[in-house]
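> Sequence:
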Amino acid sequence: MRYFIVFSYFGKSYHGWQIQPNAITVQEVLEDGLSKLLRQSLSVVGAGRTDAGVHAKQMYAHFDFDGEFDADELVYRLNALLPDDIAIAEIRAVKEDAHARFDAIERTYEYWITQEKNPFYSESAHYLRHRLDVQAMNEAARLLLEHRDFECFSKSNTDVRTFNCDVKRAEWTVDADKLVFTIVADRFLRNMVRAVVGTLIEVGIGKSDLEYVRNVLKSKDRSLAGPSVPAKGLYLTKISYPEALQKYE
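For the sequence shown, the numbering used here begins at 1 and goes up steadily by one.
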């Protein structure tokens with residue numbers, strides 16, 4: 001039977017989601033925990049991969065297991081076993097062909113910026129002392145909705161078949177003591193959100209303008225876009241699936 005597992009993690013201590021040969025990752029820790037408790041070597045397939053240091057407020061993965069278990073009890077025991085920076089919210093049965101990655105229809109990321117030194121954000125937001133023109137950054141962000149090809153924001157030498165993404169929302173908001181950039185799309189390229197934010201910051205500090213962003217988007221050239229912002233300010237906050245996947249039938 002196939003199961004979806006819903007969880008969150010603080011990414012500081014991990015070299016991203018996906019298992020790597022010489023670095024600790026979230027996938028490795030989660031697989032080890034599940035395998036130990038269910039007494040079977042298990043592999044989990046994530047909804048996507050986050051880079052080193054990136055956080056996830058909501059992440060999905062699926063795994064297959066033929067035995068029986070109490071889902072609530074497994075959540076409790078898994079949370080007790082896992083380190084404090086990974087938390088399991090739910091485990092539920094799904095259709096046997098449900099896929100955590102390929103069935104996801106929408107993903108939401110946030111990027112947090114703080115404009116004042118704050119010890120409580122030292123590992124969870126990007127501190128930027130330059131005053132930012134939020135209105136100008138929002139005008140530039142709206143240009144993203146007019147494009148499909150985002151090769152200009154993709155990490156170099158990635159093995160993807162297409163650079164097309166359907167961006168449905170891109171907006172800066174002030175949330176109490178931090179500035180939050182929210183972006184929603186059907187898919188994202190590697191390093192895309194951090195490159196987008198870095199480019200919009202160039203506009204916010206007055207270094208560049210809307211024409212610069214238009215030219216970057218048309219160029220398909222990563223070297224023309226702004227620098228990538230630090231990973232610690234980036235959060236995967238939501239993954240959406242079709243209604244039919246929400247329950248096992």
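Possibly wrong hints are sitting among the right ones.
Said to hold, decoys possible - In the BS3-like style, the derived pairs of lysine-lysine whose C-alpha atoms are separated by at most 27 Å in a straight line are:
#1 207 to 232
#2 57 to 207
#3 238 to 178
#4 218 to 207
#5 95 to 155
#6 178 to 220
What the hints contain is simulated information worked out from the structure, not anything from laboratory work.
> Next pair to validate is residue 57 with residue 207; report whether the Cα-Cα distance is within 27 Å.
Given that 27 Å is the threshold and the Cα spacing comes to 32 Å, the pair is violated.
> Decide if the proposed pair is consistent with the structure: residue 218 and residue 207, CA atoms, cutoff 27 Å inclusive.
This hinted pair holds, its Cα atoms lying about 19 Å apart.
> Starting from residue 95, check that the Cα of residue 155 is at most 27 Å away, please.
Given pair residue 95, residue 155 is violated - Cα atoms ~34 Å apart, limit 27 Å.
> Taken at face value, is the distance from the CA of residue 232 to the CA of residue 207 at most 27 Å?
Since the Cα atoms of residue 207 and residue 232 sit roughly 24 Å apart, the hinted pair holds (cutoff 27 Å).
> Can the restraint linking residue 238 and residue 178 be considered satisfied, given a maximum Cα separation of 27 Å?
20 Å, holds
> Is residue 178 within 27 Å of residue 220, Cα to Cα?
31 Å, violated
When the structure is compared with the earlier hints, violations turn up for hints 2, 5, 6 and for no others.
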